[in-house]
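Chains as they are written, first to last, in the working numbering: chain A, 645 to 800; chain B, -12 to 249.
No lab work stands behind these hints, which were simulated from the structure alone. Don't take each hint at face value.
[Unchecked claim] Label pairs and their computed distance ranges (CB to CB):
1. B:ARG70 / A:MET771: 54 to 64 Å
2. A:LEU782 / B:ARG201: 22 to 32 Å
3. B:ASP42 / A:ARG686: 52 to 62 Å
4. B:SER191 / A:THR720: 13 to 23 Å
5. A:GLU679 / B:ARG139: 26 to 36 Å
6. B:ARG(-2) / A:ILE711: 13 to 23 Å
7. A:LYS780 / B:ASN27: 43 to 53 Å
8. B:ARG239 / A:ILE731: 41 to 51 Å
9. A:ARG686 / B:LYS241: 40 to 50 Å
10. B:ALA140 / A:LEU778: 32 to 42 Å
11. A:MET771 / B:PRO225: 46 to 56 Å
12. B:PRO152 / A:ASP765: 34 to 44 Å
13. B:VAL66 / A:LEU782: 44 to 54 Å
[To be verified] Simulated crosslink set (DSS-like; lysine-lysine; CA at most 25 Å straight-line):
14. A:LYS701 / B:LYS155
15. B:LYS115 / A:LYS699
16. B:LYS155 / B:LYS115
17. A:LYS780 / B:LYS155
18. A:LYS701 / B:LYS115
19. A:LYS759 / A:LYS659
20. B:LYS155 / A:LYS699
21. A:LYS699 / A:LYS659
22. A:LYS780 / B:LYS241
Cβ atoms here follow ideal geometry from the backbone N, Cα and C, with glycine treated the same way.
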Amino acid sequence: MHDLLPFLAEHDFFKDLDEKYLSLLVGCAKNVRFEPEQVIHREGEPADEFYLIRKGKVRVEIHSTGIGPVVIQTLTDGDVFGSNWLIPPYKWLFDYRAVERTRALSMDGKCLRGKCDEDHDLGYALMMRFSQVLSKRLYMTRMQLLLELESFEDDE
Amino acid sequence: MTVSKVEKETRGTFTLELDPGESGFPFLPGQFNMLYVFGNGEVPISISGDPERPDILVHTVRAVGKVSKALCRLRPGDVLGVRGPYGSSWPVDACRERDILFVTGGLGLAPLRPAVFHIFNHRRDYGKVILLYGARSPDRLLYTKELETWSRALRVEPAVGSAGPDWKGHVGIVTNFIARMDCDPAQTKAMICSSESMMRSMISELNLLGIPDREIHLTLERNMKCGLGLCGHCQLGPTFVCKNGPVYSYDRVKELLAKREL
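One chain only, chain A, in its complex shape:
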């Protein structure tokens, strides 16, 4: 497992994180691999982990009645996904599926939740990092709404 330490230390998401926390995180990490079209998680499942994509592509889907699966986002090398291990009720909000063979690091969020409760400095450090990811996704979603509005006006 300790061979994962350099990867975590170099990953943007964990940049500047205290070494003692990186060692702790390594203990919660495992390598996983998903085959093309493999479902990683479905909406409503317990969210007990998050992932760092090492190589590959994952799509985020919403199942729409009448339309079927609608892809709303793709994630690729270096992306982090799964923030609901931190936020009650700890459920996945969308479906996640591998587009191609994907290697990732799965982090045990259930275990980390306990550690964050015990050590608020760790909790703060992780919350800060997830806030940045979520803030950027919210910004991009709002820009996408603006694009929809501009396109809608063109269509009128």
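Got chain A sorted already, so can you dock chain B onto it with the hints?
Just chain B, lined up with the frame of chain A:
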């Protein structure tokens, strides 16, 4: 000039090919023409063809207003008025031996297309070339056959706002993927085209990558009327978009674009 061909690109978007006659119609990538539909009026439209094919003058038009709707109703054999070419151009010659990152969405590919053609035609003169191109959905992507052809020599990265499960490209707005393009900021020139709000977002991401303002070029859309810098309709502070633009390096217009009153 006479319309020689009309091709539907996507819903409400058409590409018109015009016959410029024996003298041809030389232009630089990024320049525009004023197109006049008799009895309807005149609008500025970017030239979107191959600059090395002056025998065919190409414009891609989206039917949004009275004149553009009239343009989209034209059929082969119809005649329209053409004034131009006007304005500044993409710095394709100044980019030789550099890496190029094109970032655009929707109809924004039309003004960039001549620059992409130029680079595709002179591929050996350039370093790594990436075209990051977005649309609302896969059926809204323009020039899909060309995207496939270009992908043999350039890295073409299509992104759509949403898609069905059979889509293999990116999903999300193009801005989201700029950081994933593995650009060398010291070597890269960026050329972008979108709405101003979207371009601010793109520029912010390009700056985060380390690409400075002077290496980012963009094309502006303002209310261009005369095409000669005389009437003042397209004035942006001290510059006239029709004459000094529409293509600018971002460091030249950064302060002006930040002023909401302009």
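Now the hints, each set against the structure:
The supplied range of 54 to 64 Å is met by B:ARG70 and A:MET771, whose beta-carbon atoms lie about 59 Å from each other. The hinted window of 22 to 32 Å between A:LEU782 and B:ARG201 holds, with their beta carbons roughly 31 Å apart. The given range of 52 to 62 Å is respected by B:ASP42 and A:ARG686, whose C-beta atoms sit roughly 56 Å from each other. As the Cβ distance of B:SER191 to A:THR720 is approximately 20 Å, the hint placing it in 13 to 23 Å holds.
At roughly 29 Å, the beta carbons of A:GLU679 and B:ARG139 sit within the given window of 26 to 36 Å. Between B:ARG(-2) and A:ILE711 the beta carbons are some 18 Å apart, a value that agrees with the proposed interval 13 to 23 Å. For A:LYS780 and B:ASN27, the Cβ-Cβ distance of about 44 Å falls inside the hinted range of 43 to 53 Å, so the restraint holds. At roughly 45 Å, the beta-carbon separation of B:ARG239 and A:ILE731 lies within the given 41 to 51 Å, and the hint holds.
Taken as a hint, the range 40 to 50 Å holds for the pair A:ARG686 and B:LYS241, whose Cβ atoms sit roughly 46 Å apart. Taken as a hint, the range 32 to 42 Å holds for the pair B:ALA140 and A:LEU778, whose Cβ atoms sit roughly 38 Å apart. The hinted window of 46 to 56 Å between A:MET771 and B:PRO225 holds, with their beta carbons roughly 47 Å apart. Taken as a hint, the range 34 to 44 Å holds for the pair B:PRO152 and A:ASP765, whose Cβ atoms sit roughly 42 Å apart.
At roughly 51 Å, the beta-carbon separation of B:VAL66 and A:LEU782 lies within the given 44 to 54 Å, and the hint holds. The hinted pair formed by A:LYS701 and B:LYS155 meets the criterion: a straight-line CA distance of about 9 Å does not exceed 25 Å. Restraint check: the Cα-Cα separation between B:LYS115 and A:LYS699 comes to about 21 Å, which is no more than 25 Å; the hinted pair holds. Of the pairs offered as hints, the one joining B:LYS155 and B:LYS115 holds, with about 22 Å between alpha carbons and a cut-off of 25 Å not exceeded.
Note on A:LYS780 and B:LYS155: the hinted pairing holds, with a Cα-Cα distance of about 23 Å set against a maximum of 25 Å. For the hint linking A:LYS701 to B:LYS115, the alpha-carbon distance of about 22 Å falls within 25 Å, and the restraint holds. Pair hint A:LYS759 plus A:LYS659 holds up; C-alpha atoms about 19 Å apart against a cutoff of 25 Å. Restraint check for B:LYS155 and A:LYS699: the C-alpha separation of about 16 Å stays at or below 25 Å, so the hint holds.
A C-alpha spacing of about 19 Å is found between A:LYS699 and A:LYS659, which places the hinted pair at or below 25 Å, so the restraint holds. For the proposed pair A:LYS780 and B:LYS241, the alpha carbon gap of about 23 Å is at most 25 Å, so the pair holds.
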